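Participant: Using the sequences and the hints, build the whole thing.
Residue numbers for the sequence shown follow the working numbering, so the first one is 708 and each next one is one higher.
Careful: at least some of the hints might be erroneous.
Said to hold, decoys possible - DSBU-like cross-link-like pairs, simulated, lysine-lysine; straight-line CA separation at most 35 Å: (1) 837 - 861; (2) 1008 - 997; (3) 730 - 748; (4) 839 - 997; (5) 738 - 753; (6) 710 - 755; (7) 710 - 729; (8) 755 - 770; (9) 839 - 999; (10) 861 - 917; (11) 837 - 710; (12) 729 - 770; (13) 730 - 710; (14) 995 - 837; (15) 839 - 901; (16) 839 - 753; (17) 1008 - 1074; (18) 755 - 738.
Treat the hints as calculated values from the structure; they're not laboratory data. Just so you know, these numbers come straight off a predicted model, no measurement behind them.
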Amino acid sequence: MAKRDYYEVLGVQKGATDSEIKKAFRRIAMKYHPDRNPDSKDAEEKFKEAQEAYEILGDEDKKSTYDRFGHAGVDGNAGAGSAGGAGFSDVFGDVFGDIFGGGGGRGRGGPQRGSDLRYDLQLDLEDAVKGKTVQIEVPTLSHCETCDGTGARKGSTPVTCGTCGGLGQVRMSQGFFSVQQTCPDCGGRGQTIKDPCGDCHGRGVIEERKTLSVKIPAGVDTGDRIRLAGKGEAGPQGGPAGDLYVQMHVREHSIFVRDDANLHCEVPISFAQAALSGEIEVPTLSGKVKLKIPAETQSGKLFRLRGKGVAPVRGGATGDLLCRVVLETPVNLSSEQREILQQFDKSLSGNSKHSPRSNNWFDGVKKFFDNLTG
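Facilitator: Below you can see the structure in the form of structure tokens.
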């Protein structure tokens, strides 16, 4: 079967840059990698085809020859892994070293960076809006002071791993390609400890709980996080510590609901206040304010108090407080109060000007049924 054009295989135009070729190969190889398609012969063939194309187009000399003579000029070079070209293991390490642990990335032997940690912090809305400094206690791994993070007992030192020769990795053959894997004897450290430290048992780190002070900026919300550099786990063999990420979770509030920079709340008002007008006190996060209720206010009307919301943590205008008034129906009425209400309701009956919304609604219902029967 005739071979496909290498540019077509990688999905790039002739004259594509090295970066574009490498990016195209990475995309295809990740899609058809045998580890992701263990039972697919078709995926394996496409992976091998892409690898062959990249060995030619990823090498300037071979690419130039291919551009001039096509497959005839490079047949026998692809997949050969010759000293002058890029063998598969070199290609694999170069393109996928950061994903599959190939040889193109940093070696695993020697000190490594510690793991990052996450701490979920529960905050009240008031603290999230105004900001606060809090103390948190974090379980973590710290360098063992007894052995200074080496893992070896005082007076002794780690020795180079005999299996990997100190590289921390060993090359394993898997079918038509080979990959580098973490050394099973030293766990990627490149060294073994014959006489481990009594405190950390050869790990070089010990478990402890740290108390940290975290300054929460004003305006944070659920989903925001703060990075504390170097406050994560200590790295093995004296390596640098990872980072600590403090994740914000704002508790539900009994009065306010936050929507980005705005706050919402419901304010109950009486029938008399809604009908005759009045002035009520409403809460804000900075204290009480007066809210004027105009006469004939309907339940559900929204009042906006500008600037009484949240100042966003990333800057921008302070939000508003949106108060929705809700008409509260009186309960536990006395017989006298019931009689007064009945007299009042009777005085309104038959006069549509007192209930425009109700009358409009009933008119709409009547038209609806008339259309159904008509």
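Participant: It remains to establish, for every hint, whether it holds in the given structure.
Facilitator: Results for each hint:
A distance of roughly 51 Å separates the Cα atoms of residue 837 and residue 861; the hinted pair therefore is violated under the 35 Å criterion. Proximity of residue 1008 to residue 997 is assessed by CA-CA distance (about 16 Å); at most 35 Å being required, the pair is judged to hold. Distance hint between residue 730 and residue 748 is fulfilled; the C-alpha atoms sit about 24 Å from each other, no more than 35 Å. For the proposed pair residue 839 and residue 997, the alpha carbon gap of about 28 Å is at most 35 Å, so the pair holds.
The straight-line distance between the Cα atoms of residue 738 and residue 753 is roughly 10 Å, inside the 35 Å bound, and the hint therefore holds. The hinted pair formed by residue 710 and residue 755 meets the criterion: a straight-line CA distance of about 12 Å does not exceed 35 Å. The suggested pairing of residue 710 with residue 729 holds, with an alpha-carbon distance near 20 Å, which does not exceed 35 Å. A hinted pair counts as satisfied when its Cα atoms are at most 35 Å apart, and residue 755 with residue 770 qualifies at roughly 18 Å.
For the hint pairing residue 839 with residue 999, the CA-to-CA distance comes to about 33 Å; that is within 35 Å, so the pair holds. Restraint check for residue 861 and residue 917: the C-alpha separation of about 26 Å stays at or below 35 Å, so the hint holds. Taking the CA atoms of residue 837 and residue 710, the gap is near 67 Å; set against the 35 Å cutoff, the hint is violated. As the CA atoms of residue 729 and residue 770 are separated by approximately 13 Å, the hinted pair is consistent with the 35 Å bound.
Only pairs whose Cα atoms come within 35 Å are accepted, and residue 730 paired with residue 710 is accepted, the gap being roughly 22 Å. For the suggested pair residue 995 and residue 837, the alpha carbons sit about 16 Å apart, so the restraint of at most 35 Å is met. With a C-alpha separation of about 49 Å, the suggested pairing of residue 839 with residue 901 is violated against the 35 Å cut-off. Restraint check for residue 839 and residue 753: not satisfied, since their Cα atoms lie roughly 56 Å apart, outside the 35 Å limit.
Pair hint residue 1008 plus residue 1074 holds up; C-alpha atoms about 27 Å apart against a cutoff of 35 Å. Using a Cα cut-off of 35 Å, the hinted pair residue 755 and residue 738 holds, with the two alpha carbons roughly 12 Å apart.
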